[in-house]
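Colleague: Dock chain G against chain E, hints included.
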Amino acid sequence: MSETPIIEMKNVHKTFGSRKILKGVDVVVKKGETMVILGPSGTGKSVTLKHITGLVAPDEGDCFIMGESISFSKEKVRERLRAKMGVLFQSGALINWLSVYENVALPLREHKISKGEELHRNVMEKLHWLDLVVAKDNLPGAISGGMKKRAGIARALTTNPEILLYDEPTSGLDPVMSNVFNELILRLKKELHVTSIVVTHDMESAYMIADRITFLYEGKAIFCGTVPELKASSNAVIQQFIHGKTVGPMILDHSEQKKKK
Amino acid sequence: MALVELAKSFIFGAGYTLVLLFETILQFRAIFFKRNEIVQQMFTAGISSFFVVSIVAVFTGMIMGLNAGLGLKDFGAEGQIGLLLTITLTREMSPFMTALILSASVGSAIAAEIGTMKVSEEIDALEVMSISPVRYLVMPRVIGFSLMVPVLCIYSSILGVFGGAVVGHFQLGVEYQVYFNDVLNRVGSVPGLKDLYVGILKGFVFGVTVSIVACSHGLRATNGAIGVGRATRESVVTSFLLVIFIGYVLTAILYR
Chain E
1 MSETPIIEMK
11 NVHKTFGSRK
21 ILKGVDVVVK
31 KGETMVILGP
41 SGTGKSVTLK
51 HITGLVAPDE
61 GDCFIMGESI
71 SFSKEKVRER
81 LRAKMGVLFQ
91 SGALINWLSV
101 YENVALPLRE
111 HKISKGEELH
121 RNVMEKLHWL
131 DLVVAKDNLP
141 GAISGGMKKR
151 AGIARALTTN
161 PEILLYDEPT
171 SGLDPVMSNV
181 FNELILRLKK
191 ELHVTSIVVT
201 HDMESAYMIA
211 DRITFLYEGK
221 AIFCGTVPEL
231 KASSNAVIQQ
241 FIHGKTVGPM
251 ILDHSEQKKK
261 K
Chain G
1001 MALVELAKSF
1011 IFGAGYTLVL
1021 LFETILQFRA
1031 IFFKRNEIVQ
1041 QMFTAGISSF
1051 FVVSIVAVFT
1061 GMIMGLNAGL
1071 GLKDFGAEGQ
1081 IGLLLTITLT
1091 REMSPFMTAL
1101 ILSASVGSAI
1111 AAEIGTMKVS
1121 EEIDALEVMS
1131 ISPVRYLVMP
1141 RVIGFSLMVP
1151 VLCIYSSILG
1161 VFGGAVVGHF
1171 QLGVEYQVYF
1181 NDVLNRVGSV
1191 PGLKDLYVGI
1201 LKGFVFGVTV
1211 SIVACSHGLR
1221 ATNGAIGVGR
1231 ATRESVVTSF
1241 LLVIFIGYVL
1251 TAILYR
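Just so you know, the protein sequences line up as chains E and G, in that order.
The numbering used here numbers the first residue of the first sequence as 1 and each following residue consecutively.
The numbering used here numbers the first residue of the second sequence as 1001 and each following residue consecutively.
Chain E on its own, in the form it takes in the complex (with noise of 0.2 Å):
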């Protein structure tokens, strides 16, 4: 694993309406890495990712890809940064009157990547490496929770993407198709050495796939480091979370808060 920060988050916060969601996150992931993002529901996690992928922009502080700042860019620089990136949403976000095939084939024939039997070839292996080829014909709407988020994978790498994000890609899944994502994002580590973000509340999940862990709380990183440190972390609010107490200094819910204030 290099040093070379690949994904960078400085002193990030961000404002919706009245509520602050992030309160200066910082995040290094370095090249060839797995950072997982964990921290409860509503704590900013998404948010994160959107930062990273552009979507976003800071109110203040900045985000970086491989150097460059993909919040406060021209479309230009931003569109070359996310070339770069593949990114899997939490539903997958296949668009619905495409066939698997087709949505898998997007980005190459909306950027005329390629096309006729070289795109065929190119959406052909990632099929067969997600297992989709059965699906291929169906619409969004006629396959499974996991066939949409393998097929949303198999979009992102169409591209071939140095960096893959993703957004809960376990959940809504059965503990057996968590694992067969968990083995899959390995693999894609392993096999195509990408630097991933992760976004999870999964604890079996992150300490599977995880090279370090960034656990984020009232919108901060409030910890750090890897799967042990984040075992052996004196901290309360992470140590109910990992072992799932309802007891403990963790806000559970927002609005509660707000209403006792």
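Since no wrong hints were added, every one of them can be taken at face value.
Derived EDC-like pairs: lysine to aspartate or glutamate, alpha-carbon spacing no greater than 20 Å straight-line:
{"no.": "1", "chain 1": "G", "residue 1": "1034", "chain 2": "E", "residue 2": "110"}
{"no.": "2", "chain 1": "E", "residue 1": "76", "chain 2": "G", "residue 2": "1127"}
{"no.": "3", "chain 1": "E", "residue 1": "115", "chain 2": "G", "residue 2": "1037"}
{"no.": "4", "chain 1": "E", "residue 1": "112", "chain 2": "G", "residue 2": "1037"}
{"no.": "5", "chain 1": "E", "residue 1": "76", "chain 2": "G", "residue 2": "1124"}
{"no.": "6", "chain 1": "E", "residue 1": "112", "chain 2": "G", "residue 2": "1127"}
{"no.": "7", "chain 1": "E", "residue 1": "148", "chain 2": "G", "residue 2": "1124"}
{"no.": "8", "chain 1": "E", "residue 1": "74", "chain 2": "G", "residue 2": "1127"}
{"no.": "9", "chain 1": "E", "residue 1": "84", "chain 2": "G", "residue 2": "1127"}
{"no.": "10", "chain 1": "E", "residue 1": "74", "chain 2": "G", "residue 2": "1124"}
{"no.": "11", "chain 1": "E", "residue 1": "84", "chain 2": "G", "residue 2": "1124"}
{"no.": "12", "chain 1": "E", "residue 1": "74", "chain 2": "G", "residue 2": "1023"}
{"no.": "13", "chain 1": "E", "residue 1": "189", "chain 2": "E", "residue 2": "211"}
{"no.": "14", "chain 1": "G", "residue 1": "1034", "chain 2": "E", "residue 2": "102"}
{"no.": "15", "chain 1": "E", "residue 1": "76", "chain 2": "G", "residue 2": "1023"}
{"no.": "16", "chain 1": "E", "residue 1": "148", "chain 2": "G", "residue 2": "1127"}
Sample of chain E residues at the chain G side, in silico, Cβ under 7 Å:
{"no.": "17", "residue": "53"}
{"no.": "18", "residue": "55"}
{"no.": "19", "residue": "79"}
{"no.": "20", "residue": "82"}
{"no.": "21", "residue": "87"}
{"no.": "22", "residue": "89"}
{"no.": "23", "residue": "91"}
{"no.": "24", "residue": "93"}
{"no.": "25", "residue": "95"}
{"no.": "26", "residue": "107"}
{"no.": "27", "residue": "110"}
Note that these hints are calculated values from the structure, not bench results.
Where is the CB? At the ideal position from N, CA and C, for every residue including glycine.
Modeller: Just chain G, lined up with the frame of chain E:
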């Protein structure tokens, strides 16, 4: 305070829609690449509203023909309904009612479709793949819709005129030959051709308006199913108001 928020939201919405229209025009360079999607959108807009436009057009012609004919009969001028209907339908009524029908049927569908894509992160997925949602979704819909509305305007004018002919013949005793002579003379005359062009122009402007408003509301949808419902409703209401307003402004400018 609520009024200030409403004004802010109105100004933001209007600004967003105008910028979206400008971005759509910039994407016209991809028309050839997107030709299949454009044809598909024309087909969708045409087919999905064909039946209702046909029924409304025939009955509009019949209702207008009957009302005008009964009024003109007092002066012995019921034979003029062909002329009257041709003028009213081509320059005003057909574009107006076609735009209203399409905004309620196709426009609402566009807002709901794009809104659902927005809340289910499909729009985000397009942006992350550096696929412009304006080029991929908005431009084909705006062009397909805007080209289809004038076609439907002409079609509904023709049906309305035929509806008026039937009422004129059976309820007012106007001969078909007299009726259609008036219609053809008007259409062949310079003012008649102007009416036709104005009708086509209005249809095109209404098409652009309804489709860009629908796309704009869809792209701004938030908050799940409730947000999609709100975007759809607001899209139809805004389109109705704009069609009425723009229709008046165009008539005032073109018939001074």
